[in-house]
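Engineer: The listed protein sequences derive, respectively, from chains R and Y.
The opening residue of the first sequence carries number 1 in the numbering used here; numbering runs sequentially from there.
The opening residue of the second sequence carries number 693 in the numbering used here; numbering runs sequentially from there.
The reader is advised that the hints may include incorrect statements.
[As the list claims (entries may be wrong)] Facing chain R, a subset of chain Y residues (Cβ under 7 Å, in silico):
no.	residue
1	E775
2	S784
3	W815
4	E836
5	P943
6	K945
7	Q947
Hints are computed from structural coordinates only; laboratory data are not their basis.
Backbone N, C-alpha and C define an ideal beta-carbon position, used for all residues, glycine too.
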Amino acid sequence: MKKTLLFTILSLFLTVSYAQIDRTQPPKPGPAPKINLEEPNTFELKNGLKVMVVENRKLPRVSIQLDIDNPPVLEGDKAGVSSLMASMLGNGSSNIPKDEFNEEVDFLGARLSFGASSAFASSLSKYFPRILELMADAAINPNFTAEEFEKEKAKLITGLKTEENDVSAIADKVQRALAYGTKHPYGEITSEETVNNVTLFDVEQFYRKNFVPANAYLVIIGDVDFKTAKDLVTKAFTPWTRAVPPTYSYSKPMDAQYTQINFVDMPNAVQSEVAVQNLVDLKMKDDDYLPALIANQILGGGGEGRLFLNLREDKGYTYGSYSSIGNDRFSPVRFTAEAQVRNMVTDSSVVQILEEIDRITKEPVTAEELKNTKAKYAGRFVMALEQPQTIARYALNIEKEGLPKDFYKNYLQNINAISVADVQNAAKKYFSTDKARVVVAGKGSEVLENLEKVSFNGKAVPVLYFDKNANKTEKPDYNAGIPEGITANDVLNKYIEAIGGAEKVNAITSLKLVYEGEAMGSKIKVEEKRTADKLAQTTYMNENPMMGVVAKGDELFMKQGGNKMPLPEDMKADMMNTMGIFVEQALLANGTAKLAGIEQVDGKDAYKLEVPGKITQTSLFYDVETGLKVKEAAVITMNGQSQNQSGMLKEYKEIDGIMFPSIKTQSMGPQEIEVTLLEAVINQGVTDADFE
Amino acid sequence: MKKLLGFMSLLMVSSGIIFAQEVEFEEYKLDNGMHVILHQDNNVPVVTVAVSYHVGSKNENPEKTGFAHFFEHLLFEGTKNIERGEWFKLVSSNGGSNNATTNYDRTYYYENFPSNNLELGLWMESERLMHPIINQIGVDTQKEVVQEERRLRVDNQPYGRWQEQMFKNLFSKHPYRWTVIGSLEHLASASLEDFQNFNKKFYVPNNAVLVVAGDFEKGEAKRMIQDYFGPIPKGPDVVQPTYVEDPIQGPIKVQYEDPNIQIPLIMMGYRTPGQTERDAYVLDMISTYLSDGKSSKLYKKLVDEKKMALQVFAFNGSQEDYGAYIVGGLPVGETSLEDIMKEIDEEILKLQTELISENDYQKLQNKAENNFVNSNSSIAGIAGSLANYYLLYDDTNLINTQIDIYRSITREEIRDVAAKYLKTDQRVELEYLPEQKNAN
């Protein structure tokens, strides 16, 4: 006890001595740190290769980066040729066999990899001269063999297969294809078919045409001095033959004409991938480049972006929602705002994202948002300087994008000068909610119903359907899976068979069924009498008849107390379709039922038959295995309003050689009533008086 | 060949000389038991403030899994002096970036700032520990968010459940048997009080290490650390649980069907010792030998020469108490999973019975050296390593000395460790398959 007290006093004492700091307010930042923006040393080889060297001695390592800055290439019906080429590069050279080459790279503990228009290597500085040689050799004297080609092709195809059920990979592919069109380098789709069109000769030709030094940059960063680097690079890369890549032309991508949802059905999805996108014509050297970045940042640039705060923090729809805006000097590129959301809230997420985009184009951002975002950019700029790659990237951008030489020197100043109006203008120019393409990849059977109801700014947003390769398609049919050759009549006949067989069923001239149950504290009894062309149904509550429906000849009326009320003509017409001891007999005779597919009822597959009608649309479900009817549902539409009814039929039992469901559960709106079979009387006790 | 030999001998001479880019640091304890590590580097004006708590999914109640990770989310919901929703804004509006990660053994929070915001970082992390607001709004929101995180990272992700399937079979007593993200049911039924108790138990200064790395002056930093963290009261001691697993009686054969994939995957898992054990380092080298780089044994044989596999992998996922050594591959075309397994087993058997070549051994050393140099390349990365080495290895200086452990590993040890742990009858064989659709 004493000890505790002492401790308390001590901690009190300590607390007092700390009282100088004010915890209630965030501490103010100190003076802005000085930044040191170095410039790389550069030189150019005769073949056009431009070289940059950033000396950085902090760690004993060097990285080498080759960047061939060609315009994008449309690969067309040979899509995949560039990735095949990339995967075949770096596997030896015409001078060093593959195994020996790979062994040596690994032995050095180094990394070396190639892309379709790039290469990268890194190693300890003591191995830099050798890894540079190996990289140059592999780049200039590639080792394209038939064996490697076949292997890489098989791998690429297998790789494409791995993506077939991958929701985010499909979403990404379709987003691009729809934004740019499949006849554009950024939108074209690599498929098994296009890969199979590629030959080894195509790869070699692609290499010869495109893997050339005219637009190439080589960036060396790390523990090496300029002179050494220059000597080694000159020796290694001078043999690269001077050549300029061909120029290609392709169709200019266009935005959607009106805002629409493009839906891709992914039955295995447990989340929907939602992306709202439009095209932007934005280059780094544009005057509103920085304001566009700031607008995007405020909208969805991170954990404090509006999208994140709305969809994640406020609504909990998603793990994260972000936007991004591209820039490209060869082609329009995408602005996208996206989220992966749970199925239930797919439609709401679409609306929320659209609303956030709309808001930032229509209302100015707050001064505080702008201030905070500028600070974020400033901080990011300062912190990025920790990596020597940043210096190289800045220098490369100035060259490639045609930026003013002092672009990065003035960067912080230019960021700081951006006004609220600049941001809104950029948002208006680059973000669209009236020509937006909302690409959703998700589980249609769970999300489509609500997605089809989405409207925005007072207009319905139409849903168009696409397959996994961005081809237009029909609305998915969730009732697929019917075995070939099965018709509605087969299902109806099987039912008749299952309940006792045609002979017994056709011998029935009248039928009385009585079901009993409880609802809202009252005893409910439902009595149904049928002949071939007449029907009377009476519902009793606590033994008093509450309501009746009678159909005969061309009459259809409702009885309540002593009153007879005729029902609408259209409903009568519908009803006549389904008259008979068993509905199925009528449907077999008039052929109006359609087999709509297979759906699960209580966990078991059931055939779904649809009986169309003007007012009443009926669906009947028959167990695939037993043939018995397990569910009846109807949608009744009158005066523009719809009501759903459905009932489950369970536990069939035999009475006089015919099977009847002994339990029916009936749902009407929110209520559910269960009734059990009290009696079934065949060919007795039904008279004409029952139908008055 | 001659050229290659000459080149090799050149290497032998030059290797062994490595610039010792020593990471200097100072460490001490506050009176409340909080451990502090300072790493000063004034080259670039950036600073990282990080706190690691010695609590991960390992410390969870089996009936309440996912708490550690969930709690990480909750601790961004605000504090007494930082309103809900302000955390991220505060960081980014001051030019910083931040995040947090949870694993089996620890939970790590960090902010990276331009160096003029060191004090802000210290204030925020001290607020997180001293004044967290754990309320129903936060719990409700983060329940939804974590569910989506699970769907994103696990349920919708091709091969997203391998870890869950593997670990529940590798471990029967140790909490490593459940995943860090845990059970959505457990989280759904968790009460506010559960979370408050979790906070009281684990989020105490004596269960944490604070790392400040980057551009600052030590005297000033120490004063501020004392100001912000000193007043936080010490909590009850946190006792780390210990579990001893019985050897696996096996092989345990498991199948799992994933609706998100087309290509099956075979994966063998072996239970291995905790990451501080020397054997764990040897197993790292074995992974490199088997699957790192195009000349590695499994890649070269299965992917390159025999074209049986699309991809092969071997890695030692070590944790504080145990590791899981995982090796496997994805078949190409009609190759069966069994065949892939057979080929892998053949290579492992060689490793267990023969010494690897001198050349391969030197290659492993070069790779280890390269990894070592690259591991300390950013201030943020150094901060994370310092926290880990202190908290989970109890030796902060491993950041400088770990390379010596790799250097001292012999070829004989590699053989013996492979034989000791990679036993076919003490492993889990997971066939990870595409989901079969009902043909109807």
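Engineer: With 7 Å as the cut and Cβ atoms as the points, is W815/Y at the interface with chain R?
Structural biologist: Because about 5 Å separates W815/Y from the closest Cβ in chain R, which is inside the 7 Å limit, the hint holds.
Engineer: Should the interface hint for S784/Y be scored as holding, given a Cβ-Cβ cut-off of 7 Å against chain R?
Structural biologist: Hint on S784/Y: holds, closest Cβ of chain R at ~4 Å, below 7 Å.
Engineer: Would you check whether Q947/Y satisfies its interface hint, that is, whether its CB is within less than 7 Å of any CB in chain R?
Structural biologist: violated, 18 Å
Engineer: Taking the closest Cβ pair, is P943/Y under 7 Å from chain R?
Structural biologist: For P943/Y, the interface hint is violated, since the closest Cβ of chain R sits about 26 Å away, which is over 7 Å.
Engineer: For the hint on E775/Y, just tell me whether its beta-carbon gets within less than 7 Å of chain R.
Structural biologist: With a closest approach of 11 Å, the E775/Y hint is violated.
Engineer: Would the stated hint for E836/Y survive a check requiring a Cβ distance to chain R of less than 7 Å?
Structural biologist: holds, 3 Å
Engineer: Let me know if the C-beta of K945/Y comes in closer than 7 Å to any C-beta of chain R, holds or violated.
Structural biologist: violated, 24 Å
Comparing the model with each numbered hint stated earlier shows that hints 1, 5, 6 and 7 do not hold.
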